[in-house]
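Visitor: Just so you know, the sequences run in chain order A and B.
Residue numbering for the first sequence follows UniProt numbering, starting at 1 and increasing by one per position.
Residue numbering for the second sequence follows UniProt numbering, starting at 1 and increasing by one per position.
Read the hints as simulated data drawn from the structure, not as lab findings.
Note that the structure is predicted; figures quoted are calculated from it, not measured.
The C-beta atom is built at its ideal place from N, Cα and C for all residues, glycine as well.
Derived, one-sided and incomplete: chain A residues facing chain B with beta-carbon distance under 8 Å:
| id | residue |
| --- | --- |
| 1 | Asp-26 |
| 2 | Leu-96 |
| 3 | Gly-97 |
Covered stretches of chain B (chain A as the covering partner; in silico rule of three or more C-beta atoms under 8 Å from a C-beta of chain A):
| id | stretch |
| --- | --- |
| 4 | 240 to 251 |
| 5 | 257 to 263 |
| 6 | 266 to 274 |
| 7 | 330 to 339 |
Label-pair ranges, simulated between beta-carbon atoms:
| id | chain 1 | residue 1 | chain 2 | residue 2 | range |
| --- | --- | --- | --- | --- | --- |
| 8 | A | Glu-111 | B | Trp-355 | 35 to 45 Å |
| 9 | A | Ala-53 | B | Arg-204 | 54 to 64 Å |
| 10 | A | His-21 | B | Ala-115 | 51 to 61 Å |
| 11 | A | Gly-97 | B | Arg-231 | 22 to 32 Å |
| 12 | B | Arg-28 | A | Gly-97 | 33 to 43 Å |
| 13 | A | Gln-33 | B | Arg-312 | 29 to 39 Å |
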Amino acid sequence: MTSPRLFSILRQGLHLIASVHTALDDSQLVRFQADLVERIGADRARGVVIDVAALDVLDSFGSRTLRDIAEMARLRGAVTVIVGIQPDVAFAMVELGMDTGSVVTALDLEEGLAELDRCLAASPLPGP
Amino acid sequence: MAAVGPVGSPDQSCASPDVAALIPLVRRIVAARVPDRATVDDLVQETLTRVLAAAGRVEPGMLEPYAIVTARNVVASMWRDQDRHRRHQHRVVDLRPPPAPDEDVLAGEDRAAVAEALTRLSERERTTLLAHEVEGRDTRSLAVELGSTAGAVAAQLNRTRARLRVEYLLVSERVEPPTERCRPVLLAISSGERRRQREVDAARHLLECEVCARLSEPLMERGRARDDAVRVPVRGDADIVAARQAARELATRLRFSPTDITLIATAVSEMARNIVRFADSGEVVVTELEEPRCGISIVARDAGPGIPDVERALQDGYSTYQGLGLGLPGARRLMDEFAVVSETGRGTTVTMTKWRGEA
Ligand SMILES: [Zn+2]
Chain A
1 MTSPRLFSIL RQGLHLIASV HTALDDSQLV RFQADLVERI GADRARGVVI
51 DVAALDVLDS FGSRTLRDIA EMARLRGAVT VIVGIQPDVA FAMVELGMDT
101 GSVVTALDLE EGLAELDRCL AASPLPGP
Chain B
1 MAAVGPVGSP DQSCASPDVA ALIPLVRRIV AARVPDRATV DDLVQETLTR
51 VLAAAGRVEP GMLEPYAIVT ARNVVASMWR DQDRHRRHQH RVVDLRPPPA
101 PDEDVLAGED RAAVAEALTR LSERERTTLL AHEVEGRDTR SLAVELGSTA
151 GAVAAQLNRT RARLRVEYLL VSERVEPPTE RCRPVLLAIS SGERRRQREV
201 DAARHLLECE VCARLSEPLM ERGRARDDAV RVPVRGDADI VAARQAAREL
251 ATRLRFSPTD ITLIATAVSE MARNIVRFAD SGEVVVTELE EPRCGISIVA
301 RDAGPGIPDV ERALQDGYST YQGLGLGLPG ARRLMDEFAV VSETGRGTTV
351 TMTKWRGEA
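Isolated chain B (complex conformation) (with noise of 0.2 Å):
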């Protein structure tokens, strides 16, 4: 059995994926590629986890396909790591020196690919861009340049953006999008605005075209920069306070509210102390969000037993432990969007974003 709280608080506009629902489907993908159990729970609970970070930037019914679309790709990954290790465990073997990369190489192909991914852009995008990221012209002064208003400019410039997105990631992947409608797909989920998403089907359209199923990916995730994501294991009391004073830490850096900061730290708090409580031990993963604004992105998980049944555990007044049963409602609170996915036997994933206000 599992379940799930539906995400973004009752006020917002966010609609609610059923993402406890695609659990049997995922777990089927990955039961047919991998043999051993333990492996396919781990793989499962990734792909939810990436299903649940994805979910707030695509239209509810991109989920299925996503979901399957990012299922085969875990499974695939695994495989390139363990194909990975297998080449690194001969290499000990053979006691030749690793051949060091050659990072220069990387680098300067990454930046011809940047360079590439720009000359496809028109000149009028491409222009304002530079003049904002590379000469840190501010949105205001752009706009009374081209005769318009900074809230114009700053969309102009997050489409510009996602268009960038979609043009490098075919140029470093070499690859020319094999139909008509793979780039508006693309574009449609580069930028995460769902009604786009609706109009070209991307949908049906990730489900039939192997291409945009594999760069559908690293599109949606893009908001999650891996390298800013600070891993807190959680274990025992002092790591409780240890996660939230590197949500602390993370949300001070991107220059939150003193308000909106505490709450998240008390978000984070009650979260940690869940997994101490119910799980013994997890991980708290705290990230920088860039797209579609400054947020913060928490992500509380075990491997415990589980919430039976969240939609109760999400109402008031549920009683867990000494009578306490605050934790999901309250931190629901807190928070701009708050999910959760649940498997009993499996473990507990809470994914919680809090967006900076407009400053």
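Pulled out of the complex, with its shape left as it was, chain A reads as follows (with noise of 0.2 Å):
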């Protein structure tokens, strides 16, 4: 990709930092997806935060692509929060129906490498 990048997933100690940097369209948060899934694989990671402040909306598609990454991330042994929904586009999903499911989240990035080392403290690691 020549143009600005759109996402960056960086490690950090057993973890990965996802932050996503502009409004995406879906077949970028696929590429998205796709990019992190296989991160979470290669790196081994025991944790993943992804940032998502940048998001204009968190409409059906949205929503729906970041509970598959969280749900194929914890098949992959690796737990997820997620960071920077802002008020008014988690007010926006809730009237929408939509919600993150199962998935963590937290305020902003701090709090959510805070709630994974939590989540990782309280279920100690099934090998690999």
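Starting from the two chains in their separate frames, assemble the complex, guided by the hints.
Guide: Structural data, given as structure tokens:
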């Protein structure tokens, strides 16, 4: 991609920090999902924080994609925390009838990482 | 087969006009006047879209006459356009430079029509309207001066504007209403007061009176400031984002609350996605509304396969693609008014409105 990067995935210890940098369309969301799930496997990540503060909306497709990512991460042994859902966006999701399912959410990156540590401490890892 | 979704959320007083029930009637009227099938399809959709746009402003019993009047007007304006096109072609062949439209004259005529229309208001109506529109006085200070309330002044201003529009149309079209009933009917239509429309039996008058039939359309559609419409062609995923950003920009300009702006953008996103998924291509038109108060109207339109059972598609959990059926009912909850007209094999038009909360 030559255009400004739409998202980044960085490793921090056992965790991955995936940040969305702009409003993504459906195909870009699908690519984000594919890249992230692949990285979770490749890096054997134990936790994933997805920062969606830059997303303008979380409509049915966006919400569903986040849920799918968390589910696939879980199947690969990683916990997902979503951070940065703006209050207006959260309200619209509820009105729309969507939610992030059982996915854990937190206010910002710091809290997200703290939440990850709590989750991982509570459920000691099954051997890979 | 056709189906229609009710207008408005269940908790809204807004009645649910059965626009789909009008399709055979509209089709009959158009088909009787237009020979080719494709054009008939286009004009039927165009008529239904206009009827839908006006549906919130007319009382339910008036929808059928209004559809008849609109269908005739739509056909007439199509012939006019074709005629203009023919004349234009002729001109090109002639290699004569087209005469430059004298815009000054047009603007001057328009001003004269407004001035003339203003003289037809009562002194009190005129003074209040000018104080508000020209001097920029707000309703609260006017209320103090008039010994009234801000709400009453606002309502009065709306009625005055409605009258001014009627008089302006009469002046600029150079018509004198042929009957005693014309003015009250036109006024009821212009103000969008449904109770008043029923009282003066506007529906029947529209069918009987050619002048009012012609004038009713600009009066009913005046809420849709066409110049302020943003049209986004929707063909692929990127256009979904473009459509919701266009809606966001207009809503921001209209000073909607941040929460409402996000609700609107989300609803637009859902409807634009339906176009991409089911119809390949279509368009989203975002328009500013001024009457009865500030709002935003979104029309998502395609010529795709249509929705066979709209009632069902509006139910939560109805599965359309990838087990995800939240598009219609979800978007409907996000907006204040929501209507779907779909004809199998001919396309779907979703019209949704959000009103700005009282600031
Ligand atoms: Zn009349």
